[in-house]
Amino acid sequence: MISRCFKAFLVLFVCVTLFAPGVWAGNKKMMAIMAAKNDAMRGLTEQVYGLKVRSSEEVKNMAADSYVGKTDSKTSATLSGIKISDVVYDPQQDIAKATATMTANEIVNIDGSNVALNGKVFKHVGFGTSSPEKAGPLKALRAAQIDAYKQLAQQVAGFTLESQTTIENYMLKSDLIQTKVQASLAMAEITDYGWDKEGDAFVKMVLNVDAVSAMLGEAVVGAGEVIEVEGQGAQQDDFKKAKTGKKQ
Amino acid sequence: MNCCIRTVYFVPVFLFVSFFSISFAGNKEMVDERIKEMDDVNKQMVKQIPGLPMNGKVDAKAKVSSESGKIIFEVYQVKSVAKEANLDFGGGNKKPENSATTKPGELTKEKTVLDVSK
Chain A
1 MISRCFKAFL VLFVCVTLFA PGVWAGNKKM MAIMAAKNDA MRGLTEQVYG LKVRSSEEVK
61 NMAADSYVGK TDSKTSATLS GIKISDVVYD PQQDIAKATA TMTANEIVNI DGSNVALNGK
121 VFKHVGFGTS SPEKAGPLKA LRAAQIDAYK QLAQQVAGFT LESQTTIENY MLKSDLIQTK
181 VQASLAMAEI TDYGWDKEGD AFVKMVLNVD AVSAMLGEAV VGAGEVIEVE GQGAQQDDFK
241 KAKTGKKQ
Chain B
1 MNCCIRTVYF VPVFLFVSFF SISFAGNKEM VDERIKEMDD VNKQMVKQIP GLPMNGKVDA
61 KAKVSSESGK IIFEVYQVKS VAKEANLDFG GGNKKPENSA TTKPGELTKE KTVLDVSK
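Residue numbers (the working numbering), protein chains in the order written: chain A, 1 to 248; chain B, 1 to 118.
It is possible that some hints are incorrect.
[Claimed, not checked] No more than 30 Å apart at the CA atoms, straight line, and that leaves these computed lysine-lysine pairs for BS3-like:
no., chain 1, residue 1, chain 2, residue 2
1, A, Lys52, B, Lys57
2, A, Lys37, A, Lys7
3, A, Lys74, B, Lys57
4, B, Lys61, A, Lys74
5, B, Lys43, A, Lys120
6, A, Lys60, B, Lys43
7, B, Lys79, A, Lys60
8, B, Lys57, A, Lys60
9, B, Lys43, B, Lys63
10, B, Lys28, A, Lys134
11, A, Lys60, A, Lys28
12, A, Lys173, A, Lys74
13, B, Lys57, A, Lys197
14, A, Lys60, A, Lys83
15, A, Lys180, B, Lys70
16, A, Lys204, B, Lys63
[Unchecked claim] With beta-carbon atoms standing in for the labels, derived distance ranges:
no., chain 1, residue 1, chain 2, residue 2, range
17, A, Glu58, B, Tyr76, 14 to 24 Å
18, A, Asp90, B, Lys79, 49 to 59 Å
19, B, Glu74, A, Gln92, 35 to 45 Å
These aren't lab readings, by the way, just hints derived from the structure by calculation.
Backbone N, C-alpha and C fix where the C-beta goes; we use that ideal spot for every residue, glycine too.
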């Protein structure tokens, strides 16, 4: 009887040991794919409906370790008709990729303006992972995307500059520089993205002012311009130690 | 056999390159570049302020926009403080009561030259 119980326990143990990792792997895959789908849908919403960007930067005495840059982005919309395709999962990297596509004729954007899209097709590629330790490149890519949005906002809406400058024999020395920008953006398209050999991410973004003007049905400042920016994002903060040390 | 040797050789090299490429991925270069951009924009803005002192301090606020690739500064607040050196014509400068540590010829006086607020 004891032997039978032991055998049954042994079989159960072997089964659990062999199959459990398979079950976990399946869960990881699903989680990564779900994250990629959400990222793709968020990107598409930011592109079609728009987003609000608020950013501030400050640097004292031109010291890199004193630089503080913060950019917040916010979007919230109910969009229908988003299709997810090209879902790919890399089990070794635990990173999934998904593409969100949407076709629409008309939309009310983040500013409450009616935008005639005339069946234009919008596409956004998103990435996701279930392992925080593998998320470095994806975080860098998102940072690059937000940096590109900030640059667009600065060019489209302008920004506020506050400074304290010392002049010695007509030579200027910047003591304190602060910049601030807050703007709503929509219809910005990502034309290219990727990572360089150091692992830093880049996102190239384009905003066609004429196309935006035509969609809104009203004149927009900077007519005839195609604004191109390149955002950058890093995986590590080189000044983290210096800032932590200063706080202490 | 050749293929196996190549793989054995390639894997450590790949791991070495991957490890160092990740460990070098930082934001120092980006921050340096951005600080330089901010400094350039600030200097361009300050240079547009009329009546800048030769020596002194300038606190300024401006709205910066761009049109057709050209940067436009709309300066709406300036506080300029000139640092003036008193000239010594041989008669000797009298020491001010509150500047005991200041040597003759290095006397300084702060004066608000311009204060424009919208």
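How the hints compare with the structure:
{"no.": "1", "hint": "A:Lys52 <-> B:Lys57", "in the structure": "violated, 36 Å"}
{"no.": "2", "hint": "A:Lys37 <-> A:Lys7", "in the structure": "violated, 45 Å"}
{"no.": "3", "hint": "A:Lys74 <-> B:Lys57", "in the structure": "violated, 38 Å"}
{"no.": "4", "hint": "B:Lys61 <-> A:Lys74", "in the structure": "holds, 27 Å"}
{"no.": "5", "hint": "B:Lys43 <-> A:Lys120", "in the structure": "violated, 43 Å"}
{"no.": "6", "hint": "A:Lys60 <-> B:Lys43", "in the structure": "holds, 14 Å"}
{"no.": "7", "hint": "B:Lys79 <-> A:Lys60", "in the structure": "holds, 19 Å"}
{"no.": "8", "hint": "B:Lys57 <-> A:Lys60", "in the structure": "holds, 15 Å"}
{"no.": "9", "hint": "B:Lys43 <-> B:Lys63", "in the structure": "holds, 14 Å"}
{"no.": "10", "hint": "B:Lys28 <-> A:Lys134", "in the structure": "holds, 22 Å"}
{"no.": "11", "hint": "A:Lys60 <-> A:Lys28", "in the structure": "violated, 44 Å"}
{"no.": "12", "hint": "A:Lys173 <-> A:Lys74", "in the structure": "violated, 36 Å"}
{"no.": "13", "hint": "B:Lys57 <-> A:Lys197", "in the structure": "violated, 43 Å"}
{"no.": "14", "hint": "A:Lys60 <-> A:Lys83", "in the structure": "violated, 47 Å"}
{"no.": "15", "hint": "A:Lys180 <-> B:Lys70", "in the structure": "holds, 19 Å"}
{"no.": "16", "hint": "A:Lys204 <-> B:Lys63", "in the structure": "holds, 26 Å"}
{"no.": "17", "hint": "A:Glu58 <-> B:Tyr76: 14 to 24 Å", "in the structure": "holds, 19 Å"}
{"no.": "18", "hint": "A:Asp90 <-> B:Lys79: 49 to 59 Å", "in the structure": "holds, 57 Å"}
{"no.": "19", "hint": "B:Glu74 <-> A:Gln92: 35 to 45 Å", "in the structure": "violated, 54 Å"}
This entry does not satisfy hints 1, 2, 3, 5, 11, 12, 13, 14 and 19, going by the numbered hints stated previously.
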